[in-house]
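Asks: Respectively, the protein sequence lines represent chains A and B. Under our numbering, residues 12 to 381 are what the first sequence spells out, in order. Under our numbering, residues 12 to 381 are what the second sequence spells out, in order.
Careful, some of the hints might be misleading.
Same chains, same names: a pair is fine if it fits in one copy or spans any two.
[Said to hold, decoys possible] In silico DSS-like links for lysine-lysine, alpha-carbon gap of 25 Å or less: (1) K315 - K83; (2) K20 - K364; (3) K13 - K210; (4) K18 - K364; (5) K13 - K315.
For the record, the hints were derived by calculation from the structure and aren't laboratory data.
There are 2 protein chains.
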Amino acid sequence: MKITCAKDKLNYAVQAVQKAVAAKTPLPILTGIYLAAHNNKVELQATDYEIGISCTIDAAVHEPGEIVLSGKYFQEMVRRMPGDIVNIESSKEDRTIKITAGMSQFNLLSLPAEEFPVLRRPVGDNLLSVKDEVMRDLIRKTIFACSTDEARPIFTGGLLEADENGIRLVATNTHRLALKKASLESNVDSPVKMIIPAKILNELARVLNYEEPMNVSVYWLKNQVMFAFDDIYIISRLIEGQFPDYNKVIPASFNTVVKVNTRDFLAAVERVSLLAREGEYNVIKFNFANQTITITSNNPDIGKAFETVPGEISGNDIEIAFNARYVTDILKNIDSDDLYFSLNTPLSPALIKPVDDENYTYIITPVRTN
Amino acid sequence: MKITCAKDKLNYAVQAVQKAVAAKTPLPILTGIYLAAHNNKVELQATDYEIGISCTIDAAVHEPGEIVLSGKYFQEMVRRMPGDIVNIESSKEDRTIKITAGMSQFNLLSLPAEEFPVLRRPVGDNLLSVKDEVMRDLIRKTIFACSTDEARPIFTGGLLEADENGIRLVATNTHRLALKKASLESNVDSPVKMIIPAKILNELARVLNYEEPMNVSVYWLKNQVMFAFDDIYIISRLIEGQFPDYNKVIPASFNTVVKVNTRDFLAAVERVSLLAREGEYNVIKFNFANQTITITSNNPDIGKAFETVPGEISGNDIEIAFNARYVTDILKNIDSDDLYFSLNTPLSPALIKPVDDENYTYIITPVRTN
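Same shape as in the complex, but just chain A (with noise of 0.2 Å):
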């Protein structure tokens, strides 16, 4: 193989599979950057089996080949490299791979190429097409509220639904539940449900920062699911099992719902947080009366903090207890200034959704206090 390209782009495609390269692997190969150059385009590929990562740039191609190379090293030679222009050469005598660009040399012992699992891109037509602006939105808004118990896989993932209704991403870690809908431009043939890690979607979210706008496709493959968009392909693993019936969660009716502001709402609550971090449960407890939001903490070893925040209370008075995590982690999630909490009992389950998004639904669980 001998190519010659620009260093921005090679940079990029880097950086772009860089997080599918495995770190600790029994399998060397895996922590390798794999690099096919025909046709005067080098396709840059990673996986370390969980993830998979495609992306093809221009090159001039001198001579065709596969080569790979140690992903570590790489990376960190790339970005640093002087000039414009990087030129990746094999040698036939050995088995390195000269790297060479202005004044600088690297001579790179390489991995052997007939070892890498190569990812291949399937033919067919795509699943479903999303914008990526809505792909982002449907991922940042609902995976944090994955669970990381890898002993309870399906919910270290988010259901990712599709019919005629549009796209749906929904996560849980059983004590709070996510939920994000979006529409679709175009029709989808059959229904999609699925349930993909929550490491590959954050993966996707964090590439997917361009500033055209731009399409994601999504391929179903048995047990695998593939976003593909402008030049990078992103490959992953599904989670095996039954994701719980979301809907069955979601309140029909509410006895008190609360209208207030997102911002000041969550100011008071990260304050009071702050003497309750300590524990398992993190509790800090809210009363809503008097058409003001009362929100406490009590730590024995520390002190106790007490804020007020006016709300727009209709129906019940109420006092519940939450762990302070979980309310935050959703205000900061919250673009309206104004939002929605609706509760029923001090022991059931409350809804939380933005003022203006019918379209997002997040449902916490409280806790029982004494």
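Using the hints provided, position chain B relative to the given structure of chain A.
Replies: Quick look at chain B alone, frame taken from chain A:
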């Protein structure tokens, strides 16, 4: 105690003393911040017995008194308080302190103020007076060369000297030495010579970030030093012991003197050092010949790096090896466009200094290679 003060000022004072709050200590009182309110001033103090910091701000003192609050919680609380004004009031009934701002109220348990080892600001003439930017520059350009090995305490501090020739700060870990000199505007009554812990000097440089120029007064109190400026003073223990005679370490003459562009040289050294990272000595090789500096590294597990940088070389050709980090550390601290790299033999110490600053000297010991 009962006071009212501006939140911004209180936050400034808490942040200033915060680095002296002990994190882990068998003495709980040292985890606190001490507040003393008298004569419409509040003085905040914290100390871990290594370093003590005091900061005094204006306040409306309704009732004078002293209290001690948990440093960790008080700091976070003040930072997040709403509005512009904070009230602090101790309760006569119990050991709590009421802190209010806007609609926020915190009742923090207090620590026993009578147990706090209150810092006393010494009276008398100051030993010397240094401009803040001079002090910061002395610290920034030398203290990185200190050792972190507590087994040899004198090398974990910087030697501060002041006499009729001006002020000097020196730091060494025995493999490299950094010396920075500056002139003083006022005379020094008696020569100053003391070893100050690197941690405290770094903290001093961090706090000395005023927009207005300012003088730092330095006082010497038996085994302590105090730096006073604006409304802050920092007291530190001194390190006891005999600092080596650094003048003996600086070679009187050189066989080879090289002039090179600082930025280009740093970029090349950093790239070559990518492949030298593993292992204890982090070795990279330099060859000075034909008006060219050739920098190489060789890591059998990863590969080789090879860079050339043009330089003006006078004297003998020489090949020599250094710990890469010892070279990059100094290059990052040289502000001038070009530097001099002066050498004798592959086994004798070399000197690096900026072209435009006679008062900055860095000595580096080579690594023996085969």
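Asks: Does each hint hold? Answer for all of them.
Replies: Consistency of the hints with the structure:
1. K315 - K83: Intra 48 Å, inter 15 Å, cutoff 25 Å: inter-copy only.
2. K20 - K364: Result: close neither inside a copy nor across copies, 41 Å intra and 37 Å inter.
3. K13 - K210: neither (35 Å within a copy, 51 Å between copies)
4. K18 - K364: Neither: 45 Å inside a chain and 33 Å across chains, both beyond 25 Å.
5. K13 - K315: This pair counts as between: shortest inter-copy Cα distance 19 Å, intra-copy 68 Å.
Checked against the numbered hints above, the structure breaks hints 2, 3 and 4 and satisfies the rest.
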